[in-house]
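Engineer: Using the sequences and the hints given, assemble the complete structure.
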Amino acid sequence: MKFETHSVYHIYNRGNNSQKIFFTEANYLFFLDKIRKELIPHGDILCYCLMPNHFHLMILTPEDFKSYDLNNAIGILLRSYTRAINLQEGRSGSLFQQKTKAKELIDKNNNNAVNYLATCAHYIHLNPVRAGLAEHLNQWRFSSYLDLAGLRNGTLCNKELFFMLSGIRKDEFIKESEAMLDFKRMSFK
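For what it's worth, full-length UniProt numbering labels the leading residue of the sequence shown as 1, then goes sequentially.
Treat the hints loosely; a few may be bogus.
Computed beta-carbon distance windows for the label pairs [said to hold, decoys possible]:
| # | residue 1 | residue 2 | range |
| --- | --- | --- | --- |
| 1 | Asn16 | Asp171 | 37 to 45 Å |
| 2 | Asp182 | Lys66 | 37 to 45 Å |
| 3 | Ala179 | Leu133 | 17 to 25 Å |
Once the Cα atoms are required to be at most 30 Å apart in a straight line, the calculated DSS-like pairs of lysine-lysine come out as [as the list claims (entries may be wrong)]:
| # | residue 1 | residue 2 |
| --- | --- | --- |
| 4 | Lys37 | Lys66 |
| 5 | Lys170 | Lys99 |
| 6 | Lys34 | Lys170 |
| 7 | Lys66 | Lys99 |
| 8 | Lys37 | Lys2 |
| 9 | Lys175 | Lys99 |
| 10 | Lys20 | Lys37 |
| 11 | Lys170 | Lys103 |
| 12 | Lys2 | Lys101 |
| 13 | Lys101 | Lys37 |
| 14 | Lys20 | Lys103 |
| 15 | Lys101 | Lys66 |
| 16 | Lys20 | Lys99 |
| 17 | Lys37 | Lys103 |
| 18 | Lys34 | Lys159 |
These aren't lab readings, by the way, just hints derived from the structure by calculation. For glycine and all other residues, C-beta sits at the position ideal for the given N, C-alpha and C.
Structural biologist: So, in structure tokens, the structure goes:
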């Protein structure tokens, strides 16, 4: 993956053959701790969601970073987590799909693209509802929705930076999240 300086990326990967990657609550917490140790030195986490068989991260790259360092950090995160799960589950081999995907969310030539940050965050946070793991966004502990909505005081995400870059206020974010949740519920019927 080639990362540009001072840009926002939606980074995601899933288990091989869509298999589970998180087996216990401790696995989710361990992965979040690994994100803090491996990725935060290379960028700001703006939002995230961990699902039983995949994960989503939104990250802002700083002005003074090297693309190689972030790629290397993602590799270390996934390899070290895989080693721990393989030991825990008595398995071997790759846990994640070979290629982690990253989509740049800010088109530097299009000012309207910045608003896509909030839309992407809603998409990321709606994953547990779409999968039937939660009825409401505030019921899934392993996402940053609780932090961005002011319902938890987590420190993994840079909340202020998320709201500044997305161009919306916290109350607008909550209203938009609720509206998208209502829309998704209507779509399931």
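Engineer: Which hint numbers doesn't this structure obey?
Structural biologist: 5, 9
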